[in-house]
Amino acid sequence: MLSRNFAEVKKLRSAGNVASALPLVQSSKIESDEDAFEAMICLFVSGNLEAVLGQAGRHEWKSKWSRNASQALVGLIAHKDEALSLARAAVSEPGVAYDAVALYLILLHANRLIAEAQAYIRARLQDPPPSEVLLYIALAEIACAAGNWAGAYSL
Numbered sequence: 005m006l007s008r009n010f011a012e013v014k015k016l017r018s019a020g021n022v023a024s025a026l027p028l029v030q031s032s033k034i035e036s037d038e039d040a041f042e043a044m045i046c047l048f049v050s051g052n053l054e055a056v057l058g059q060a061g062r063h064e065w066k067s068k069w070s071r072n073a074s075q076a077l078v079g080l081i082a083h084k085d086e087a088l089s090l091a092r093a094a095v096s097e098p099g100v101a102y103d104a105v106a107l108y109l110i111l112l113h114a115n116r117l118i119a120e121a122q123a124y125i126r127a128r129l130q131d132p133p134p135s136e137v138l139l140y141i142a143l144a145e146i147a148c149a150a151g152n153w154a155g156a157y158s159l
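5 is the number of the first residue of the sequence shown in the numbering used here; add one for each residue after it.
Treat the hints with caution; some may be incorrect.
Under the rule of at most 35 Å between Cα atoms (straight-line distance), these lysine-lysine pairs were calculated in the DSBU-like manner [as the list claims (entries may be wrong)]:
id : residue 1 : residue 2
1  : 68        : 15
2  : 66        : 84
3  : 68        : 84
4  : 15        : 33
5  : 84        : 33
6  : 33        : 68
7  : 66        : 15
8  : 84        : 15
9  : 33        : 66
Hint data in this document are derived by calculation from the structure and do not stem from the laboratory. Note that the coordinates shown come from a computational prediction; the quantities given were computed from them, not determined experimentally.
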């Protein structure tokens, strides 16, 4: 679960206020895998890819989903082939964060595996929380790639 500060980071990031989220990321103590992954996602959406790479090595990951998801994000940035398999492994673990699921969908889209993404969405994402903005963006991208413009715009 996100600490109080990182819950605020996610709230700010999801509202598009990354400029306010970034100082909070840098001034807050990481208390969990969820906090560390949120820090990486916030840095990623801000475009600070070097900081994402640096953040990945600063935390000792305890859960399998967070270890695999953080390595998948690093792999996406570094254009490594194993990024997708790491993301697949992450989303198969219990307790996976919705942002890790969004990363998985982003990687499926990048690899043109739209049918696999649609199957995952149908099986596991029928009613995601509205606060999961990155996930909704990934869902819309998959819908667009599948030619489902109405579905994309309804998200």
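To see whether the hints hold, each was checked on the structure:
| no. | hint | result |
| --- | --- | --- |
| 1 | 68 - 15 | holds (25 Å) |
| 2 | 66 - 84 | holds (23 Å) |
| 3 | 68 - 84 | holds (19 Å) |
| 4 | 15 - 33 | holds (17 Å) |
| 5 | 84 - 33 | holds (30 Å) |
| 6 | 33 - 68 | holds (21 Å) |
| 7 | 66 - 15 | holds (24 Å) |
| 8 | 84 - 15 | holds (30 Å) |
| 9 | 33 - 66 | holds (16 Å) |
When held up to the earlier numbered hints, the structure conflicts with none and fits them all.
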